[in-house]
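There are 4 protein chains.
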Amino acid sequence: MAIEGKDNPHARPIRLGMVGGGKDAFIGAVHRIASRIDGRYELVAGALSSTPEKALESGRALGLKEDRTYASFADMAKREARLKDGIEAVAIVTPNHVHYPAAREFLKRGIHVICDKPLTSTLADAKKLAKAAEASDAMFFLTHNYTGYPMVRQARELVENGDLGTLRIVQVEYPQDWLTVEQHNKQADWRTDPSRTGLGGSTGDIGTHAYNLACFVTGLAAESLAADLQSFVPGRKVDDNAHVMLRFAGGARGMLWCSQVAPGNENNLKVRVYGDKGGLEWHQENPNYLYFTPFGQPMRVLTRGGAGMSASIGPATRVPPGHPEGYLEGFANLYKEAADAIRAHQDGKPISSLVPGIDAGMAGVRFIDACVRSSAKNAAWVKLDG
Amino acid sequence: MAIEGKDNPHARPIRLGMVGGGKDAFIGAVHRIASRIDGRYELVAGALSSTPEKALESGRALGLKEDRTYASFADMAKREARLKDGIEAVAIVTPNHVHYPAAREFLKRGIHVICDKPLTSTLADAKKLAKAAEASDAMFFLTHNYTGYPMVRQARELVENGDLGTLRIVQVEYPQDWLTVEQHNKQADWRTDPSRTGLGGSTGDIGTHAYNLACFVTGLAAESLAADLQSFVPGRKVDDNAHVMLRFAGGARGMLWCSQVAPGNENNLKVRVYGDKGGLEWHQENPNYLYFTPFGQPMRVLTRGGAGMSASIGPATRVPPGHPEGYLEGFANLYKEAADAIRAHQDGKPISSLVPGIDAGMAGVRFIDACVRSSAKNAAWVKLDG
Amino acid sequence: MAIEGKDNPHARPIRLGMVGGGKDAFIGAVHRIASRIDGRYELVAGALSSTPEKALESGRALGLKEDRTYASFADMAKREARLKDGIEAVAIVTPNHVHYPAAREFLKRGIHVICDKPLTSTLADAKKLAKAAEASDAMFFLTHNYTGYPMVRQARELVENGDLGTLRIVQVEYPQDWLTVEQHNKQADWRTDPSRTGLGGSTGDIGTHAYNLACFVTGLAAESLAADLQSFVPGRKVDDNAHVMLRFAGGARGMLWCSQVAPGNENNLKVRVYGDKGGLEWHQENPNYLYFTPFGQPMRVLTRGGAGMSASIGPATRVPPGHPEGYLEGFANLYKEAADAIRAHQDGKPISSLVPGIDAGMAGVRFIDACVRSSAKNAAWVKLDG
Amino acid sequence: MAIEGKDNPHARPIRLGMVGGGKDAFIGAVHRIASRIDGRYELVAGALSSTPEKALESGRALGLKEDRTYASFADMAKREARLKDGIEAVAIVTPNHVHYPAAREFLKRGIHVICDKPLTSTLADAKKLAKAAEASDAMFFLTHNYTGYPMVRQARELVENGDLGTLRIVQVEYPQDWLTVEQHNKQADWRTDPSRTGLGGSTGDIGTHAYNLACFVTGLAAESLAADLQSFVPGRKVDDNAHVMLRFAGGARGMLWCSQVAPGNENNLKVRVYGDKGGLEWHQENPNYLYFTPFGQPMRVLTRGGAGMSASIGPATRVPPGHPEGYLEGFANLYKEAADAIRAHQDGKPISSLVPGIDAGMAGVRFIDACVRSSAKNAAWVKLDG
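Protein chains in written order, with this note's numbering: chain A, 1 to 386; chain B, 1001 to 1386; chain C, 2001 to 2386; chain D, 3001 to 3386.
Chain A with its partners taken away, still in its complex shape (with noise of 0.2 Å):
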């Protein structure tokens, strides 16, 4: 294992805000973690709830000073635009509707986005917050976390090694089972509103991700899908399970199972795909393996630093092979990369990185737009990018 190298100067810790992450949220302290595992984020600045009790006692807990605590969002992308040591880049851990409005603030600034997916609660949303970031010199980041565990990079990377061959099939699923039953919780509660979840349930929670991991697994995206959604929980605002077939550029065709009613399964995302020379096959649950066949031969199993490993997936692993790395690590990998590519930014030389971006962002909310608009029309096959 590498030192943590800080003397370079593009490993020193970047100036880091935080928008929402406040007391009972989830994903806040998530990104909170994944900031600091690899020590490459210092968090000095947050508007860490929109009730302003809450965002100071939030800001006083993590020990931020009093005056970088802000109540909005909106407060902080101005003053910290102007402080010397203000904030170089911004978590944003909000529900999905005020990602696109705290973004755009931070954008217009010049400071660099790590925001939460989806991109959006609507694709209008998208479409203004893709211009925001185009107009930006300033980068954004999407966390679509899954991308960031080591043998998704490995999968990535047999398909675009053609040890696949041509892809004909994905079968991409993410179900879960703690919304089966209603449900009234803060992390409940927003994502089955469509007013601040947007559209999509199930397809926007993570049915997102789902897709997202298919397309950076595959290197493809889908041109049309069919999809079927169901609000099985009676009263639900949104869909809670979701059936799609795709059709993706180049001929290959897949499969998307996304549900939040399955009992039995936690967070059981899982990817196959398959292709004329060989299939493979992730499991989030147990990260660290990779399932390969080469048609005509037996399955290896390939394991997070392991024989067979490309080398370029090493600095995504941290601990030796048979020591589990988790979902925090894969989520560290993406602000370590993001890191990285701030830096390299910063001293003009931009560098390229894995982590998504707005492109996949918008991927994604047209991923849940069409299945709506699908569903709409009884399943009938609409183009994503319609």
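Derived by calculation from the structure, the hints in this document are not laboratory data. Virtual Cβ for every residue (Gly too), placed ideally from N, Cα, C. There's no promise every hint is true.
[Unchecked claim] Cut-off 25 Å, straight-line C-alpha distance, at most; resulting in silico cross-link-like pairs (DSS-like, lysine-lysine):
#	chain 1	residue 1	chain 2	residue 2
1	B	Lys1006	C	Lys2186
2	C	Lys2237	C	Lys2377
3	C	Lys2006	B	Lys1054
4	C	Lys2078	C	Lys2131
5	D	Lys3270	C	Lys2277
6	C	Lys2078	C	Lys2108
7	A	Lys6	D	Lys3065
8	C	Lys2131	C	Lys2349
9	C	Lys2065	B	Lys1065
10	D	Lys3186	D	Lys3054
11	C	Lys2237	B	Lys1006
12	A	Lys383	B	Lys1377
13	D	Lys3078	D	Lys3131
14	B	Lys1186	A	Lys277
15	B	Lys1054	A	Lys270
16	B	Lys1078	B	Lys1128
17	B	Lys1084	C	Lys2065
18	C	Lys2006	B	Lys1065
19	A	Lys270	B	Lys1270
20	C	Lys2349	C	Lys2108
21	B	Lys1006	C	Lys2065
22	C	Lys2237	D	Lys3277
23	C	Lys2377	D	Lys3377
24	D	Lys3383	D	Lys3128
25	A	Lys78	A	Lys6
26	D	Lys3270	C	Lys2186
27	D	Lys3078	D	Lys3128
28	D	Lys3023	A	Lys6
29	A	Lys128	A	Lys78
30	B	Lys1277	A	Lys186
31	B	Lys1084	A	Lys237
32	C	Lys2023	B	Lys1006
33	B	Lys1270	A	Lys277
34	C	Lys2383	D	Lys3377
35	B	Lys1383	A	Lys377
36	C	Lys2270	D	Lys3277
37	B	Lys1128	B	Lys1383
[What the hints assert, rightly or not] Here are the simulated distance ranges between beta carbons:
#	chain 1	residue 1	chain 2	residue 2	range
38	B	Ala1311	C	His2184	17 to 25 Å
39	C	Glu2157	D	Gln3183	26 to 34 Å
40	D	Thr3051	C	Thr2166	33 to 41 Å
Assemble the complex: chain A is given as a structure, and chains B, C and D must be docked to it using the hints.
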């Protein structure tokens, strides 16, 4: 374990004939083993091949008497029906297009039929066979053999007992990889020839198994489906991969994937069912386990013959838990139960049986037909009884 | 799959008798199914119980003729030996202490013996049985049935081919849980009674299987062992758990654990072997897979009948890869191979066979004896041939 | 998930120093990540290498101030103890033989010690270190990091709650394969050099982890053991494989296997415990699951954070069930709990903690010592406190 109990008149071996199953056949040998495992049948006659010499040679190899080795199923049906000790039942293990003409000959002479799946190669034949079966006093059994697995029976019981609550989601899949590239051999040839296999390729050969399994476990039937069929291997005349969305009577929704071109999959049939109270999962390749999760509780691993099994499943197992039973034992359960039904029928005391029959067969052919019709209409929803 | 080939004189069914295996027995029914699966035997005589009425009743249930249902194995041996169409082979499926006296009667009359394990209940009996077998022209087969599993054969081939290099470590275990608490039933009673089961409890019943499996796969024999035996259940007269360290000829070392009191284990037999070039692992409860890792390469999952299997294993499988075979098919392989050997012997053209015989049986009894001797000396090392 | 809570004085980052962990080290980086994950430590000083330039270079890379980068741990202990904002705790991550001399310097100056395992390279050093710890007001923590895994804690709770009944059997194993052939690199070199690693090779490096885990989960200590150690790789001066039988106080018996030469095993640590009421099993390589079987009931799969977990485990998890946590999060739990204990100690309100300390360390060294003594006597039973 019980003694085999042949003193019971019901248990006296049944005189069995076979149509198909000569040299180089696969499924014929499976039927013969399945018929022998519990000692309930004695193979005494055969029309084992449509090639006369091969029929003779195969009959000799199997130890059949020469005068009971026939050159055609029609000859066999005629003569056996007249013999005092003629066959009581016949196993039909030919390519699909022969199922109907062969079954008809035996049914009309009151000889019970045990037929491989799918029921027929066309819907027209299926309807005719259904009429022939109705007109006959003989019984008709269809070897959707996966229904014979004890844990599949247990899954069905859990659903029936309400342990899953109201069913919402059915996920079933049957991927294989043996047709990933063009193949030429006895098994591949007829399975990829529409004139023998029927219009459906993977849908007919394995999709029907998957669909049957889903229906058997849930007790549900699909009302409509939307199917996207592919023939990935250049020149292939039938589908080798199918993506299907299902809508069941009563509101449950499903997805079905079958494939013959998914490298790394041998006979990877899996079924998962979710209701508002629980979920279950079963894998054919390790069939002695059933994964059952009551919502809000830890997953329970039920084992064949182990704790928590329904008493009714007992007779379908032969060895203690932890000693795996497999494909042949599941298949043998159908043969054993057909034997029970035949003897009861002969005694004039008909019994109910879980062995699939004409109805399941008709449902399977309707499934294939609907898949082909839907796919031809760009995966539009079609009714199964359309 | 091949046709069963009964026209081949070698394949003509062998006339089989059975000693033990009456009502309420377990292993007798297993032997009968195993003998039927490939159609190579016909059960024609039996001394099925030491209780005359039960013997008669069981024979009738099995469809045996009354005059070939015997009240004692001695009667059966005498009369069958004189019959023109008397039995050619006998299956001995009694409690352990009857193995020797029964086998002796048949061996001395030239009737081939297929005997359940362990060979005998005492070392003295084992030596006498070995002499009896040597003195007889008939063959003796011992159903260490786990050696019949195709993937166990494949494991043996990998070792034999040098794919593991020089062997260093053998880890074998066979935990069960059915005797966790005091039990009273036919199966438990004789297995916990030293006068019937022998001095070893778990060591005799399952430890011998584990030891045999380790030797079969590796081709090694233990020179010495150190055993710590326990009888955890109060009042139990034989061991119900055993911890054993092994030293093999040639320098490999091993550990063996067998237990009847390990809750959560049904028949959880596993073997792992490691050499300087690779390692392998096999699990009885999911027996169609073999995990093989050449050192420095990813693990390969070999599947029964799949890619990478040795051609020699082919005849030991019946259905395509992905269709699981289980305990009964493995058992049936021994019966089929014994049939081949018997027919070849009758033709005066003896063939070699992988079915365990007297030597493996003697090794098993020496293993039990050594375990008991070592444990009595506080787990001191003892020689197996001591 | 809770906010990190740094406003709580207990949660204010602890000033941390590090001994060892410079360039090319492995475990130092692990400790640093573990210390960062929950934001409870700030690394401010280091004696990172015994080579002065490397120490300086490593310190610079880590962003340490030059005047707090030391050429020796002795210098660091002396100066930091005098600084107003000197380190409050030190992480010792050197090869084993340095643990004692380094720990002594900090303990005698009241600086808390977080030390990697095993405690020391010799029993003599261990005894001296125990005295030094007792004499000091500072606390001593030993990173037997596997005890930090939530499901290991859950296993311990099940035992403690009596869910397994009276314990009978403990099976623990820790196989690796990285030393299957001779290796020369920084990690391998000191681990196979008795002057740095101590007398035990695999027993010291991983056997102690296995033994510690068994004791942690069961609450038992071994009274005596019999060990058969091997050095399979020619020329290796310490054991690379060990077979150990254990006798625990109270009557439970165990087996322990550790190996560095078992191809196909990375860090395949597993523990299984059986009592008269139930059994459990845990695997380090997929650590988010615990398999628990109450005798006579189906196995239950407990998941980290899922249904059926003890409330007390909650604080040791960070993300929802189904999102895997791994090695680093388990390690971080020890750091977090050490931080809680240090702050409480500073407040004069000591709290109990599950982090292993001197006693566990002493038990580990006694375990190694007993293994070596027993093996030298041909695996005779020896007492651990002998």
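**OP:** Go through the numbered hints given earlier and state which of them the structure violates, listing their numbers in rising order.
**Re:** 11, 15, 25, 26 and 31
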